[in-house]
Amino acid sequence: MTLIAPMLVGLIALLHVYIMVLEMFLWTTPRAMKAFGTTPELAAQTRVMAGNQGLYNGFLAAGLIWGLITGSAAIQLFFLACVAVAGLYGAATANRRILFIQTVPAALAILAVLLAR
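Numbering-wise, this note's numbering comes out as the position in the sequence shown, counting from 1, plus 1.
None of these hints come from the bench; they were simulated from the model.
Heads up, a few of these hints could be off.
Unchecked claim - Simulated restraints on C-beta separations:
| # | residue 1 | residue 2 | range |
| --- | --- | --- | --- |
| 1 | Leu112 | Asn53 | 39 to 45 Å |
| 2 | Leu109 | Val49 | 19 to 25 Å |
| 3 | Pro41 | Leu89 | 17 to 23 Å |
| 4 | Asn96 | Arg48 | 31 to 37 Å |
| 5 | Arg97 | Leu15 | 20 to 26 Å |
| 6 | Leu116 | Ala36 | 27 to 33 Å |
Quantities reported herein were computed from a predicted structural model and do not represent experimental measurements.
By construction, the Cβ of each residue, glycine as well, lies at the ideal position given by its N, Cα and C atoms.
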């Protein structure tokens, strides 16, 4: 479990870096529009909002990376909980798929971090 926990935390951090890049820099590209189910018109109208949202995903990734660098389970658990809550909200308000993309992996990582302590 000692190796699995940081691997899961790292993968979730990478996922949020990827989401950040999609939202901040690639929002109006076919790849991002497919990932988020938007049209060219909607993507153009929401580009600034998506950039702001991407910034928050970057903060989640930065916090998880900070937790990995310092080896702090408390920091990792805090940011994993933030990811899980954001996933719950997103699943309830935007797309149920978010539950499986964000919340379930975060919950598994939380469990792994707790078991590794």
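Whether the CB-CB distance between Leu112 and Asn53 falls inside 39 to 45 Å: Taking Cβ atoms as reference, Leu112 and Asn53 lie about 31 Å apart, which means the hint is violated.
Cβ distance range 17 to 23 Å for Pro41 and Leu89, holds or violated: Because 30 Å falls outside the window, the suggested range is violated.
Cβ distance range 19 to 25 Å for Leu109 and Val49, holds or violated: With Cβ atoms ~34 Å apart, the hint is violated.
Verdict for Arg97, Leu15 (Cβ pair) under range 20 to 26 Å: 23 Å, holds
Range hint compliance [Cβ, Asn96 to Arg48, 31 to 37 Å]: The hinted range 31 to 37 Å is violated for Asn96 and Arg48, with Cβ atoms some 19 Å apart.
CB-CB spacing for Ala36 and Leu116 relative to the 27 to 33 Å hint: 32 Å, holds
Consistency note: the structure conflicts with the earlier hints numbered 1, 2, 3 and 4.
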